[in-house]
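Here are the chains, one letter per residue:
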Amino acid sequence: MNLFLFAAQLLNGLLDGFYYLLIALGLSLIFSLGGIVNLAHGAFYALGAYLAFLLTPYLGFFPVLVVVPLLVAGLGMVTERLLFTRFYKADPLYSLLLTFGLAMVIEQALRWYFGASPQAYSMPSVLTGQVFLGDFVYSRYRLFQIAVAIAVVAAVWVLLNRTAFGRIVRAGIQNPDILGAMGISLRPYLSAVAGIGMGLAGLAGVLMAPIYPVHPAMGAEILTAAFVVVVIGGLGSFWGVVVAALLVGLVKGFMIAIGQSAMSMAAIYLLMFVVLLLRPRGLMGERILRFE
Amino acid sequence: MFHHRRLLAATTALTLGAALLPLGAFAQDDGPIRIGHLTPRTGFLGPLGEYAVMAADLAAEEINAAGGINGRMIEVIKEDSVNPQTASTKAERMIERDNVVAIVGEISSASALTISQVTDRAKRPFLNTGANSDTLRGDDCKRFMFHVETQNAMYVNAEGQYLQSEGLVDGKNWYLLTADYAFGHDLLNAAKVFLDRTNGNIAGDDLVPTDATDFSSYLLKVREAKPDVVVSNLAGTQITSFLKQYTEFGLEAPVGGFGFDTASAWAAGGDNFKGTWPTVWTHQVDTERSQEFVKAFTDKYGKPPENQAFGDYTAMHILAQAIGAVGTDGEALVGYLENPENTFDVMKSRPAYFNPKNHQLMQEVYTITALPPGEQPNQWDIFTTSAPVPAPDQPLETLIEAAVGGECSFAG
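Protein sequences appear in the order of chains A and B. Each residue of the first sequence is one higher than the last, beginning at 1 in the UniProt record's numbering. Each residue of the second sequence is one higher than the last, beginning at 1 in the UniProt record's numbering.
Since the hints were derived computationally from the structure, they do not count as laboratory data. You may find that some hints are simply not true.
[To be verified] Covered by chain A, according to a simulated footprint, are these stretches of chain B (three or more residues, beta-carbon under 8 angstroms):
{"no.": "1", "segment": "196-210"}
{"no.": "2", "segment": "218-228"}
{"no.": "3", "segment": "267-274"}
[As the list claims (entries may be wrong)] Taking beta-carbon pairs under 7 angstroms as the criterion, some of the chain A residues facing chain B (in silico):
{"no.": "4", "residue": "ALA8"}
{"no.": "5", "residue": "GLN9"}
{"no.": "6", "residue": "ASN12"}
{"no.": "7", "residue": "ASP16"}
{"no.": "8", "residue": "ALA116"}
{"no.": "9", "residue": "SER117"}
{"no.": "10", "residue": "ALA120"}
{"no.": "11", "residue": "SER122"}
{"no.": "12", "residue": "GLN130"}
{"no.": "13", "residue": "SER139"}
{"no.": "14", "residue": "ILE211"}
{"no.": "15", "residue": "TYR212"}
{"no.": "16", "residue": "ILE256"}
{"no.": "17", "residue": "ALA262"}
{"no.": "18", "residue": "MET265"}
Glycine residues also receive a C-beta, built at the ideal position from the N, C-alpha and C atoms.
Same shape as in the complex, but just chain B (with noise of 0.2 angstroms):
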């Protein structure tokens, strides 16, 4: 058959050459402020990185065009960060060839993880775009660690308030489907726990290897089981390939996630989408500044910005006020950010800031539920936006109760 070693030996060479793909130019100080933008953009959280990259780099153009920070233009470098050993490497090279200022991005909270032990090393910020694993804001926070997307107990928080309200948890059957890698473990975690407070029941779950396509063999169980609500603990095309089969195969018990996407929402199409789901952002959002996004984006790109793409403009803005105020050195740079005094403008009704105790950025959060087929106005508005969660009167702080990643400290 194949010569095998020449075999192993090209395919070794290859997954290098994708490894090894050649960086900018080298550092210079009287340069542009050089921020490294790291997320996946192939496999199943692809199509949410492309829209972190034309996010940042929407922001990127923004900033520049307002006259850069302090007059320093700001040059963004961007990377695939394929799985979390590639993106470990890659964030080591940002910062040691490229001398990034800090990293901005990711989606997968194992490659975060993995993002935040290079860049504590490094005493550089790592602001997490798109991770929401609780561990990553408890047993293995980091102090250069700052997230801009919310962790997983603020969407089961919000999701599940709106299951309370439709009464769906009390003595209820839920069936859990559950992404097979660290955010979906994680966000199990986090559902349990919020049945266990509330009186709920688990009528089943599974665990769905990330890279299944076929929900066949799951639906049939789900039928079987007769829940009275399937939640979804799923993540990127996972979602869009839920949704499509759960129409095809007829089931009608309400469907509910905790982690989603609106790209997954559009993937799937007027047709298929339904439920209730939670989310940190929408093009729906009905703020001025929110507004003005949505619009630079749509002119820019042809289509509307996805949640993901709300994570790393926010970020590199969050980012670019805080060395605005205080220069480029890592440890100012975690003293602004971490500082509750310091808010930010996300666009949202009220002001944001990083929660010192483990940097998680406090802000509103809501939910959407799909129209019916018939009352879709387009491809994009096919659902609707929820007032902001927490209401008005109530603390952001509402959002983080019960919280499972354990307590963070930034000893480690």
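Isolated chain A (complex conformation) (with noise of 0.2 angstroms):
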């Protein structure tokens, strides 16, 4: 095989990796807030397809981009306000039932609604085609899709580290009680920061639509890898879900590259068990006095 082609393969692993990337960063910052591990997550990402899926014929696909992420996020935070307040102070098991349970309900009530069959979800005209750079043809539509998901990603860095938000935020994931001392309650927060990370769930969904099958388990297929993105990233820290997302998706695009691909799934999770092995905080994560 040549350099180049190698070359491309790595840049597209790299670019593969956007798509744990919105997951990921959703599920982690949920966890870091409130410690609430979120199965339920994918379930979120599957709405936002299937939103996408009713909604484009009537809107198009470029509205749907903003109104859809916007209504799962509401949705998130409705479940925010309804479930995961009593369990915040529990044990994390309960919450996990919880989730579990809850992504057991939207899965099935999709597949209740409108079948198992995937639904047929077509790309908009504009973004069909290929983009020709020299000998690298690549597609159109996934340049756009990286773009906004970089969009999206830099104005989550912007609103927790360049914004009063961002710092109450922050200063809850490392020491709640302290915070609640000064007077500040967390609550809203929590419902703000369950609602940011369902929306990008949610917006992943509808970028996925058009590539991917938009199928009532599609939500399930996403989760595993998430949580691997989120376990080698390190909980509480930005850089290290953005970090282990590509790292993902650079391994697996290296080992379809050269030929492994029935192991490029299993890679993953060697990845993990190593990152895991080493390093138990996670790649960059923060040492977080409740959770160790």
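Both chains are sitting in their own frames, so use the hints and assemble them into the complex.
As structure tokens, this is what we get:
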């Protein structure tokens, strides 16, 4: 295989990493702040894709790209208010059971209403076609997708690191008790973070609908890989999740490039295994007292 | 972090709970005839399993509406087979606790194998409606297992004949993408034997994990290899992912495949579906009986039946015919089914029969060809269906030439 193709494969692997990033980032945020392992996160990704399928005929793709993540974020905040709030102080096992059940309810509801067969969803015609960069040919839609993902991830970074909102969220991740002692209630922040996290999952759902099958189990499909990214990246670290997502994409692309595609998923788990063995906190995980 | 041990315990409990969902009541001899229906309803084969269940329900309704079998109603006990281990456990329970006279269903070749081991021990027929692996008809064949679904070799021959007629085999380069499990491996072997026999070359071949949704890395390799044909040995939702992204990456080589489901074409949508693919049956098959089935199915479920629906619908009617003739005893049923004198109306232009050597239902197959986006009358008719293969003057046996699964002996 020539060097050029190899480089193209690695670049494609990096780009593939964005697929995991949008899901894993929300998962990590919700867990870091509230301690809830949201097993229903994939289900909100599926909801995003199905809402896109439902609404695109009326609104068109680009409005849907804005409206659906907001709708899913709203659903996420409602879920947080009605369900998650009861479990922040409880044993993590309970919230695990809760979100596992919620994921099943959402998946089965989609299956009951839409059927198990994937729904046909085509990409907007302005984004079809390919982009030629010398010998490297790439899908125009994917470049658009990545541009949206980068913009959104950058926006989340600014929100967390350059605003008063972000300061409180970061303080809440480190030490909620001190924050409480200073008279700041975390409740609205917990809701907002759940909304942002699940809204990101919903956005991923809309972005993936044109290229992946839209079917009820799509959430379960992505969830395990997203967890792997969070574990590799480390809790509480924004950049940890970003680096881990790109790394996972890279490793997967590398395995396929060298002709070991059957091992491409296994390699990701092996990567997690090695990281856990050498650095249990994850690549860039911060030391968070209440999780130690 | 978490309490790991408790987490593990809870996860185990959840998994167990899913496997032990309660079944129907205990068996009674004078009650209805119980038939077990076991097929994957979740996972990457779930969309096909849903059609299987709808078709089995419809067939049972029809059989009961016509007065049952010799006056006895049938009752279908339905379960999600999930994976090979769970499939075997559930088959065992259907037989031990519900006393089903036969099991119908399955799509995964790996699960069909474990079910057939259980049914052979219990001496109850198992009518496989969706698993294609040649090995199930060869080295792993079982006396109590009958295959309503066509086997890989039949698809390879049907699709191969088409590709040959298009001049895409002799001296041409193929790129093969293969689902990484029993079905795909088996199909890859069959394809390689076909290429050896017909002087075709392999430009590249990759195994694709069944949970993979992104094909971009594969498509970059395909583009680099510049094949004359891209052939898919993929399965379930993989085919949909592949078709959508093949269009997305603008690859030009003709596409075909040896394994296919019309649900995958419908899910990819008219903009993305391309190529020519083999199939056991489609809703376009132009016989009176097929069109009656399509109408009944569409009236009941609001959409036309997929080819998986054909398998389970036909299997239920074949089983009903056999029970009507010889009763519910397992040995008697095997004797009836494997006798090639006993033919079955499978809604095609000629009747079908089971090959006594390996219990494969000998029947016509078809190829479907994508219509260009502008010429599709509706969301279902995005392809056309060929005339039956083989041609009317050819015997059905031509379809099983060069099967690669080994020799069947019912001793094992």
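These are the hints, each one checked on the structure:
Evaluation of the coverage hint for the segment 196-210 of chain B: fulfilled, as 4 residues show C-beta separations to chain A shorter than 8 angstroms, against a requirement of three. Under the rule that three or more residues need a Cβ within less than 8 angstroms of chain A, the assignment of the segment 218-228 of chain B holds, with 5 such residues. Taking a C-beta to C-beta cut-off of 8 angstroms, the segment 267-274 of chain B contributes 6 residues in contact with chain A, enough for the three needed, and the coverage statement holds. For ALA8 (chain A), the interface hint holds, since its Cβ comes within 7 angstroms of a Cβ in chain B; the closest pair sits about 6 angstroms apart.
A hinted interface residue such as GLN9 (chain A) counts as satisfied when its beta carbon comes closer than 7 angstroms to some beta carbon of chain B; here the least separation is about 6 angstroms, so the hint holds. Because the closest C-beta pair between ASN12 (chain A) and chain B is about 5 angstroms apart, less than 7 angstroms, the hint holds. Look at ASP16 (chain A): its Cβ gets to within about 6 angstroms of chain B, closer than 7 angstroms, so that hint holds up. At its closest, the beta carbon of ALA116 (chain A) sits 4 angstroms from a beta carbon of chain B; the interface hint therefore holds under the 7 angstroms criterion.
Hint status for SER117 (chain A) relative to chain B: holds, with the closest Cβ pair at about 4 angstroms, below 7 angstroms. Taking 7 angstroms as the C-beta cut-off, the interface hint given for ALA120 (chain A) holds, the closest approach to chain B being about 3 angstroms. The interface hint given for SER122 (chain A) is met, as the beta carbon of that residue sits about 4 angstroms from the closest beta carbon of chain B, less than 7 angstroms. For GLN130 (chain A), the suggested interface contact is upheld, since its CB lies about 4 angstroms from the closest CB of chain B, less than 7 angstroms.
Taking 7 angstroms as the C-beta contact cut-off toward chain B, the hint placing SER139 (chain A) at the interface holds, the least distance being around 5 angstroms. Interface restraint check for ILE211 (chain A): the shortest CB-CB distance to chain B comes to about 5 angstroms, inside 7 angstroms, so the restraint holds. Among the interface hints, the one on TYR212 (chain A) holds; its C-beta lies about 5 angstroms from the nearest C-beta in chain B, closer than the 7 angstroms criterion. A distance limit of 7 angstroms between C-beta atoms decides the matter here; for ILE256 (chain A) the minimum to chain B is near 4 angstroms, and the interface restraint holds.
Residue-level restraint check for ALA262 (chain A) holds (minimum Cβ-Cβ distance to chain B is 4 angstroms; threshold 7 angstroms). For MET265 (chain A), the suggested interface contact is upheld, since its CB lies about 5 angstroms from the closest CB of chain B, less than 7 angstroms.
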